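Chemist: Full structure from sequences and hints, please.
The primary structure of each chain is shown beneath.
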Amino acid sequence: MLMLVTLVIGPGWLQAFSVSGNEGLCEKNAAALARDGKIDAGLAAIRQCIADNPTQAKAHVVLGHLLLDRGDAPQAMASFERALALEPRSSAARTGKGMVLARNGDLKAAESMLKEALQLNPDPARTHYELGLVYERLGDLQGALGHFKQGISAFEQEKGRQP
Amino acid sequence: MKTTPLFPFRYKTSLMVVVMTIILLQSGISTPALQTLGVGAEAPDFTLQDFSGARQGLATLKGKKMTIVLFWASWSGQSEKALGQMEKLYRQYKGQGLSVVGINVERQDIDAQALQDMRTVTDRLQISFPNLVDRGLVTFHDYGIIAVPTTVILDRDEKIIFEMSGFPLAGTRDMLHFVAAAFAGKAAPAEVIRKTGYQPDKKAVRSWNMGIKALGSKRTAPAAEMWFKKAISADPDFILPHLSLGTYYQEQGDPAQAREQFQQALNRQPDNASALSRMGLLLLEEGSNAAAKTMLEKAIKADEAHVPSYTYLGYLVGREGDLQKAADLFSHAEKINPMDYRIHLYRARMFEEQNSLEAAVASYKKALQQLLNRQ
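Residue numbers (my numbering), protein chains in the order written: chain A, 7 to 169; chain B, 12 to 386.
None of these hints come from the bench; they were simulated from the model. Errors might be hidden in some of the hints.
Unchecked claim - Chain A stretches covered by chain B per the calculated footprint, using a threshold of three residues with CB under 8 Å from any CB of chain B:
(1) 78 to 91
(2) 131 to 143
What the hints assert, rightly or not - Here are the computed lysine to aspartate or glutamate pairs in the DMTMM-like style, where the Cα-Cα straight-line distance is at most 25 Å:
(3) B:K377 with A:E164
(4) B:K377 with A:D46
(5) A:K44 with B:D128
These numbers were taken from a predicted model, which means no experiment stands behind them. Here a beta-carbon is modelled for each residue, glycine too, at the ideal position from N, C-alpha and C.
Modeler: Next up, the structure:
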């Protein structure tokens with residue numbers, strides 16, 4: 007009886023950026039709630055983080071991902087754009103915008119946005135994954151294969167070969 | 012309290028034949044259940060939700076004398092047997108300081124149906140020990156589980172003192188002897204100690220644990236080599252540092268040094284599935300397919316639940332053109348541990364080498380999805 011592994015990506019979008027130190031604790035707690043299946047609590051927590059510190063771009067990125075998980079693409083896009091306004095060189099915010107664009111079917115714009123994200127930070131496995139998905143949908147299997155492989159390699163290099 | 016016999020009398024004769032065969036097959040075998048941890052290592056802490064949503068952790072659930080942590084899933088038939096056996100142990104020894112903690116590793120994302128599936132199993136088996144849900148499989152990966160079910164036994168200081176992948180007859184018998192001896196205040200049978208109870212030097216364990224922690228981030232990873240060497244220096248018979256150091260060298264692109272470490276491990280435990288598997292992968296990467304196949308088949312014989320060995324062997328036979336056998340091996344590995352990204356990774360590599368682009372893309376995508384789902 008083979009259990010099929012879920013293909014839905016959950017809070018793994020945290021791979022798109024790194025939050026560290028005390029300033030990331032608030033975002034991490036919100037993400038942990040979402041991981042426990044408490045999306046509403048996660049949303050409430052991240053909105054509180056933003057209320058406490060409105061200029062923290064990473065919090066807006068987390069909010070964007072939670073909204074995207076909820077299916078609210080327009081509000082997610084607004085959150086990613088707020089993050090970019092606060093931190094114009096944010097690779098994570100560009101990855102989020104690329105995800106929204108891809109979900110909306112604007113694959114060429116998504117490709118462009120995700121490539122910008124990779125230029126700013128070539129490491130995030132998540133960005134390679136999203137770009138791989140875009141190329142797959144565009145019918146460019148070689149491109150998709152290359153980015154999925156680079157994503158695996160980036161993850162292993164960052165975290166060590168996984169057990 | 013009456014102890015339920017492991018085997019009902021009427022099956023004794025036929026089962027004895029089976030058991031003796033397995034004992035002979037597994038003579039001198041150790042069956043590592045964890046990819047990176049092992050006997051002597053500190054158990055990773057965890058705090059997870061139970062079925063009703065309350066968060067509980069190892070610190071509060073651990074036993075005064077011993078804690079058994081059972082990783083299980085409702086889709087694994089062997090898990091039900093393991094749960095039933097743990098319930099018997101729990102009822103027998105809970106008054107003497109035994110805790111049993113079930114950790115459900117159903118799948119990455121847990122919905123209402125998954126929770127219901129878990130409850131159905133624990134209700135039917137009348138499980139009375141606490142069960143937690145590993146949402147996101149964080150604890151599963153922290154422990155480096157390679158098969159479901161997996162049993163990890165901890166002492167009062169949360170140090171791993173026994174580990175078992177799957178639910179094999181001989182291994183279960185060893186575990187029962189191990190637990191019974193501990194609560195009787197006796198040493199476990201010599202054979203059991205030899206297979207599972209080697210207690211490495213404490214300084215070696217500390218150094219090895221430091222090395223494992225160092226591997227956790229790119230910044231500290233280079234220090235791992237020094238820690239593993241310190242561990243080996245403190246206790247050359249402790250094979251886990253040899254395996255860790257060999258894997259480190261392998262990842263650094265130094266197969267000669269990797270081989271030396273794996274060989275050191277095999278010299279001490281010739282039938283250690285992890286050592287055989289890692290040496291098999293090294294030989295496979297070098298193109299020594301025949302030698303690799305021998306190693307991997309031996310690893311599977313040593314531990315029928317050793318997922319990496321099935322995975323590497325699947326890749327190997329696929330490269331040789333036997334796609335049906337490769338598919339069977341990959342499928343078997345998935346049944347034991349569907350969360351192991353390497354199954355998809357090596358299947359993808361096989362497809363890519365055969366220019367099956369679409370299948371390669373699908374498999375690489377699945378591998379990356381599994382990695383990204385880790386927290």
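Chemist: A separate judgement is required for each hint: does it hold in the structure or not?
Modeler: Okay, the hints, checked on the actual structure:
Counting residues of the stretch 78 to 91 of chain A whose beta carbon lies closer than 8 Å to any beta carbon of chain B gives 0, which falls short of the minimum of three for the stated coverage. Counting residues of the stretch 131 to 143 of chain A whose C-beta lies closer than 8 Å to any C-beta of chain B gives 7; at least three are required, and the coverage claim holds. Taking the CA atoms of K377 of chain B and E164 of chain A, the gap is near 19 Å; set against the 25 Å cutoff, the hint holds. Between K377 of chain B and D46 of chain A, the direct Cα distance comes to roughly 28 Å. Violation of the 25 Å bound is thereby established for this hinted pair.
For the hint linking K44 of chain A to D128 of chain B, the alpha-carbon distance of about 20 Å falls within 25 Å, and the restraint holds.
Taken one by one, the earlier hints fail for this structure at numbers 1, 4, listed in ascending order.
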